[in-house]
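K.L.:
Just so you know, the protein sequences line up as chains F and E, in that order. Numbered by our numbering, the letters in the first sequence go through residues 1 to 476 in order. Numbered by our numbering, the letters in the second sequence go through residues 1 to 246 in order.
Don't read these hints as lab results, they were simulated from the structure. Using N, Cα and C, we set each Cβ at its ideal position, and we do this for glycine too. Errors might be hidden in some of the hints.
[What the hints assert, rightly or not] Sample of chain E residues facing chain F (criterion: CB under 7 Å; computed from the structure):
| no. | residue |
| --- | --- |
| 1 | Y23 |
| 2 | F62 |
| 3 | S66 |
| 4 | G68 |
| 5 | Y90 |
| 6 | E105 |
| 7 | L119 |
[Said to hold, decoys possible] Covered, in the sense of this in silico footprint (three residues per stretch, anywhere, with C-beta under 8 Å from a C-beta of chain E), are these stretches of chain F:
| no. | stretch |
| --- | --- |
| 8 | 173–181 |
| 9 | 185–194 |
| 10 | 340–351 |
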Amino acid sequence: MTARTVLRKEWRLLRADRALRIALGLFGVLLVYALANGVVWTRFQERNIESAQTQNVERAAGFAEELAHIEAGGEPASQFADPRSPFVMGGSSGSHTATLEPGPLSVLAVGQSDLLPYYYDVNIYTNESTLQQNGEVENPVNLMAGRFDLTFVVVYLLPLLVLALSFNVLSAERERGTLALTLSQPVRVRSIVAAKLAFRAMLAVGLVLAVAVVGLLATGGAGSPGRMLLWCGAVVAYALFWFALAAWVNTLRRTSAWNATVLVGAWLVLVVVLPAAINIAADLLHPLPSRVEMITVQREASNEAVNSRSELLARYLEDHPEMAEGVVADDPGFGALSWAATDAVNQQVEVVTAEHDARRAEQIRLVRRYRYLSPALLAQDVIIDAAGTGDARYAHFRDQVRVFAEEWREFFVPAILADEQMTASVLPQVPTYRAVEEDPGDAARRTAAPLTVLGGLVLLVGMGAGVGLGRVRGAD
Amino acid sequence: MQNGESRAGHAPLLEARGLSKNYGDTRALDGLDLTIAPGEVYCLLGPNGAGKTTTINLFLGFVAPSGGQALVSGLDVATHDRETKQRLAYIPEQVMLYRNLSGLENLEYFAALGGRGSLGRERLTEILVEAGLERDAVDRRVSEYSKGMRQKVGIAIAIAKEADALLLDEPTSGLDPKASNEFSALVERLRGRGVGVLMATHDLFRAKDTGTRVGIMRYGRLVTELSTDEIGHADLERIYLEHMHD
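Using the sequences and the hints given, assemble the complete structure.
P.N.:
This is the structure we're talking about:
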């Protein structure tokens with residue numbers, strides 16, 4: 001009864017408060033704009049992926065056509081692009097593009113998808129360096145600041161809306177003088193404040209969830225109810241944390257102005273300063289090796305390898321005796337020598353990229369360890385992972401591409417070493433990339449800890465607020 | 001000293017037993033004993049800081065007693081917060097309402113909080129009119145109301161609640177004589193329905209005119225108690241000033 005009464009009164013107050021209506025309207029516009037940004041980015045990725053998949057088909061069809069032409073007695077169109085050469089069919093011009101579909105909820109969270117590659121041109125030259133390069137040319141300012149997507153609105157702006165709606169949830173009643181009259185009724189202050197906050201939560205969180213769900217339904221991305229549930233759970237828990245914090249600050253019996261100052265300070269520390277400090281600490285403690293260094297190593301290794309190809313081939317065959325069949329040891333062909341050089345370069349690059357990966361892993365570990373200090377980091381982690389645009393799904397994709405690249409090499413390298421020619425009959429056997437999505441439960445397992453901690457924080461701060469509210473009297 | 005039970009022949013609605021309140025080292029209320037029966041209007045007189053508002057706050061459970069008990073219909077306020085508030089209505093010196101809501105919406109809200117459920121627009125309007133508000137003012141925003149009009153909404157809230165006892169904290173302070181008079185008439189009407197009233201006031205004339213008994217407080221103590229039908233206005237003023245000059 002109390003809840004319904006308070007909700008009706010709050011609704012009337014909202015209708016009568018023009019400033020509040022404008023603030024909510026503005027927030028709604030920002031939500032729609034952020035969603036539109038997510039949709040535009042997702043559509044861009046989908047177009048690229050579709051184009052890459054079309055090119056895969058066209059390349060295979062082109063090879064089939066030219067091989068048929070050659071096998072019918074014709075000449076190759078170019079000596080340097082003769083599809084009979086495994087170097088051509090398995091090399092750059094015969095690349096197969098492995099793609100990762102946008103995350104199931106990518107319209108809600110761009111996440112790491114503008115930073116990490118979502119497609120790779122796989123060929124015999126694919127190495128660890130290739131796997132670390134993004135083919136997209138992206139505005140570095142966008143990469144630094146992050147895109148203005150729904151996640152940005154949720155992590156940075158939703159707390160501000162929550163605080164604007166609730167910084168004076170109790171202090172205003174005291175300052176307005178209505179607290180005494182209210183508490184002279186047979187009601188508990190906890191029930192009153194809880195109902196007032198519930199109304200505000202319905203407005204703020206309801207607006208976010210409504211835009212998100214409508215956006216997903218409109219863009220056909222609502223096929224992952226489990227991930228959607230996780231996403232919503234994180235948004236609700238994050239918003240509740242800020243509501244609970246506002247309620248707790250209100251129990252300290254200070255003025256509304258004091259509450260606002262303290263709460264904005266808390267937002268600044270928890271949302272801006274702490275995450276930035278953790279990222280800076282990660283960069284300082286585990287700096288990533290320079291990419292220029294990686295490229296230099298690759299070039300130097302390449303030059304060195306070209307000059308000692310015979311020696312490298314002998315060493316390669318020692319390491320890979322299964323590949324030795326068909327190689328004429330005394331007079332290896334150009335292909336075998338080139339491959340030996342390529343492999344040597346790959347090995348050198350692996351040393352540098354392993355160092356890079358190790359540092360990056362250290363950075364991620366450090367950020368993961370200290371993310372528990374900031375509800376914003378916790379929420380962001382869960383939201384991005386739930387959307388399928390987090391580190392983990394991209395690492396899963398990279399691992400699959402690694403396996404596929406190996407499969408590709410295993411198909412073409414023996415032919416290169418044996419100086420064999422490719423025919424139209426082998427085309428159906430050329431490996432193609434088949435993406436395997438991670439287990440739907442993986443995201444839930446990964447996000448269980450941060451979501452639990454976030455829930456625990458809500459409970460802790462909420463209990464503090466509950467205890468504080470229990471002490472509030474009408475004469476305060 | 002006569003107590004309310006014997007005078008009205010009913011169990012006391014409000015009773016203070018050795019009620020005390022300390023704020024730090026300051027003794028705001030010192031062992032107050034008081035009973036108010038149904039249909040009684042008890043006026044607490046005294047200078048600022050005498051303990052009048054503290055007494056009312058103790059009956060409302062707004063502050064916890066340092067000693068003694070505040071009882072409403074025999075229930076201890078400290079242990080029966082909701083039950084006692086169910087039986088009480090409170091009108092402060094300044095009835096502060098939601099400025100962006102109308103008088104009717106404010107009444108609907110506080111009446112519902114008071115446990116009267118949804119009374120319906122007709123009944124709420126009747127109550128506001130009964131409390132003295134003009135019919136055409138009930139839908140106007142409270143931000144347009146005068147202090148007297150807000151006090152009338154406060155009375156309407158008390159009427160709607162159908163409370164057994166009314167706690168008034170200097171309710172006519174700042175009201176013009178006409179509004180004060182109307183207010184007294186409303187209190188008189190509630191008294192006629194058997195409502196017990198405890199009113200803290202500085203207004204000796206109003207106390208004599210509206211009250212059935214008067215208690216004079218000083219330094220947190222009830223220094224004397226008088227029956228208003230046994231004294232005149234001048235007597236009350238004289239007795240009051242005598243106690244203030246001690």
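K.L.:
Hint numbers the structure violates, sorted upward?
P.N.:
Those not satisfied are hints 1, 3, 4, 7, 10.
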